[in-house]
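Peer 1: Sequence:
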Amino acid sequence: MINAHQNVKNIGEMKEYLETRHMGLGFTELSKSIIDKGLCNMCGACFSICPRISMNSIKPKLVDYDPECSMCLKYCPRTYFPEDLFKETLFNGQNKSDFYLGSYREGYTATSGNKAIQGRGQNGGVVTTLLIYALKHGIIDGALLTDKDEDWKPIPVIAKTAEDIKKYAGSKYTIAPTIETYREALEMHKLKKIAFVGMPCQINAVRKLQLFSPFPDHYGTFKLVIGLFCSSNFSYDLIDEYLRKTLQIPPKNIAKMDISKGKFILSLKDGKTIRIPIREITQYKWSSCEHCNDYTAEFADISIGSIGAADDNWNTVLTRTDRGQSLLNNAIDDNWILKNENIELSKIKKAAARKKAKKRKINQEALKSLNLFGLPESASEIYSIIASTGGTISDILSNIKKNAGKGEVSRLLGLLEERGWIYRHNGIIKAYNPDKVITTEINKLKQNLEHQIAKIKSEALNYLKETFLQNNYSDIKLDELMDLI
1 MINAHQNVKN
11 IGEMKEYLET
21 RHMGLGFTEL
31 SKSIIDKGLC
41 NMCGACFSIC
51 PRISMNSIKP
61 KLVDYDPECS
71 MCLKYCPRTY
81 FPEDLFKETL
91 FNGQNKSDFY
101 LGSYREGYTA
111 TSGNKAIQGR
121 GQNGGVVTTL
131 LIYALKHGII
141 DGALLTDKDE
151 DWKPIPVIAK
161 TAEDIKKYAG
171 SKYTIAPTIE
181 TYREALEMHK
191 LKKIAFVGMP
201 CQINAVRKLQ
211 LFSPFPDHYG
221 TFKLVIGLFC
231 SSNFSYDLID
241 EYLRKTLQIP
251 PKNIAKMDIS
261 KGKFILSLKD
271 GKTIRIPIRE
281 ITQYKWSSCE
291 HCNDYTAEFA
301 DISIGSIGAA
311 DDNWNTVLTR
321 TDRGQSLLNN
331 AIDDNWILKN
341 ENIELSKIKK
351 AAARKKAKKR
361 KINQEALKSL
371 NLFGLPESAS
381 EIYSIIASTG
391 GTISDILSNI
401 KKNAGKGEVS
411 RLLGLLEERG
421 WIYRHNGIIK
431 AYNPDKVITT
441 EINKLKQNLE
451 HQIAKIKSEA
461 LNYLKETFLQ
471 NNYSDIKLDE
481 LMDLI
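Residue numbers (this note's numbering): 1 to 485.
Hints listed in this document are in silico derivations from the structure and should not be mistaken for laboratory results.
All figures in this text were calculated on a predicted structure; none of them were measured in a lab.
Glycine included, C-beta positions come from ideal geometry on N, C-alpha and C.
One thing to keep in mind: the hints can contain errors.
Derived pair list, reagent style EDC-like, types lysine to aspartate or glutamate, alpha-carbon separation capped at 16 angstroms [claimed, not checked]:
#, residue 1, residue 2
1, Lys256, Glu83
2, Lys430, Glu466
3, Lys355, Glu290
4, Lys32, Glu68
5, Lys61, Glu29
6, Lys350, Asp98
7, Lys430, Glu83
8, Lys15, Asp217
9, Lys349, Glu106
10, Lys136, Glu381
11, Lys172, Asp237
12, Lys245, Asp151
Label-pair ranges, simulated between beta-carbon atoms [unchecked claim]:
#, residue 1, residue 2, range
13, Ile442, Asp311, 55 to 65 angstroms
14, Met23, Pro216, 18 to 28 angstroms
15, Pro216, Lys272, 45 to 55 angstroms
Model the full structure from these sequences, guided by the hints.
Peer 2: See below:
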């Protein structure tokens with residue numbers, strides 16, 4: 001049986017890890033490690049697999065006794081997800097590998113062959129078109145999507161017809177628990193082949209559910225995963241507080257939302273367009289977005305965005321799996337999708353680099369205590385950056401640490417690697433678990449201190465005692481004399 005604390009070595013062990021009920025771990029651990037730390041991305045996975053969990057607009061809540069079966073904890077997209085194992089399973093050796101874009105087959109710009117869908121969907125309407133095509137050709141029999149009410153509050157929905165898919169088209173830009181309807185899709189609608197469209201952070205949960213579903217074998221599973229490019233998402237307060245109350249824009253007057261070139265763009269039903277600099281709404285970003293470094297939905301079958309396309313009527317598309325490439329090729333051959341290979345990958349990489357290199361606020365006072373370990377303060381700072389970004393490369397570190405050249409950064413990286421604080425894997429620099437790193441350093445410090453203490457006792461103390469005795473013999477009381485000899 002796979003231990004809850006051990007690393008799995010292959011995808012078979014990962015499946016066994018998900019299948020095994022590790023009793024004694026449950027919602028309490030999920031709350032302490034994820035929800036209370038602002039890491040929950042409100043994907044809805046825990047709610048969908050456990051009837052004892054409910055969702056409100058802020059976070060999951062336990063509403064009944066906790067059986068402590070560990071399912072909510074293990075299927076959370078923020079918990080254990082061995083990326084290399086999933087890459088080996090999802091992508092073949094023909095894929096291009098890129099630190100910023102992830103593993104992908106091909107990159108295109110594309111637009112829907114249906115002008116009506118172009119107008120209803122986001123940008124070129126490629127997501128909507130691919131879903132309808134997949135439904136028509138029996139690749140899927142339904143999709144987990146996100147709708148909205150008249151106040152633009154996101155609502156997780158299940159689409160089973162082409163009209164449903166068209167109705168739910170378009171990005172909502174506020175956090176939505178899209179996976180919340182997974183159980184309903186299986187149990188009530190009896191769907192066998194499900195598509196999912198969502199954020200990069202949500203896809204980890206979908207891939208876990210796809211690898212091993214906690215529901216009976218005769219139920220369906222995910223057959224298509226479409227990921228959306230994402231720099232960050234927002235809480236509903238963006239609409240309820242900022243747009244409605246601050247800007248006095250009733251949400252029901254909004255026809256469409258978009259983000260482009262650093263602007264949050266509102267298209268109103270009266271024909272007006274309002275452009276708001278993203279920097280003015282950063283306080284409404286969802287908390288977990290601060291800790292996410294996946295811009296291009298690296299574990300999707302197909303990743304779709306708009307940056308890198310010639311204009312707003314086109315999407316950028318990265319195919320990643322056999323399933324994704326086959327679907328796109330067939331849709332192109334049947335003229336459902338029009339493609340152009342003139343994609344500006346450099347723009348996508350630049351946006352992805354910004355997300356991967358987000359500089360967290362470093363607690364300098366906390367890091368000062370690490371000076372006891374004999375490392376330069378800048379080395380501790382670099383370790384903090386690597387630990388917070390989840391993996392990076394020296395070029396990014398050089399950009400983050402403006403006061404240090406690439407050569408100095410490389411020297412400090414070598415020092416950290418030698419000390420066992422970081423390691424390199426496929427060109428990426430990752431941090432070892434700080435609990436293990438610091439514990440190891442403390443143990444070394446203790447050993448060194450014990451050695452120093454022993455040396456003081458055997459050398460300095462004996463010398464000083466002897467000298468003291470020789471020169472102060474007549475002043476020493478009998479009990480003190482016994483201690484000195």
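Peer 1: Hint by hint, say whether it matches the structure.
Peer 2: Checked hints:
no.	hint	verdict
1	Lys256 x Glu83	violated, 35 angstroms
2	Lys430 x Glu466	violated, 54 angstroms
3	Lys355 x Glu290	holds, 9 angstroms
4	Lys32 x Glu68	holds, 14 angstroms
5	Lys61 x Glu29	holds, 13 angstroms
6	Lys350 x Asp98	holds, 12 angstroms
7	Lys430 x Glu83	holds, 13 angstroms
8	Lys15 x Asp217	holds, 14 angstroms
9	Lys349 x Glu106	holds, 14 angstroms
10	Lys136 x Glu381	violated, 54 angstroms
11	Lys172 x Asp237	holds, 13 angstroms
12	Lys245 x Asp151	holds, 13 angstroms
13	Ile442 x Asp311: 55 to 65 angstroms	holds, 57 angstroms
14	Met23 x Pro216: 18 to 28 angstroms	holds, 21 angstroms
15	Pro216 x Lys272: 45 to 55 angstroms	holds, 52 angstroms
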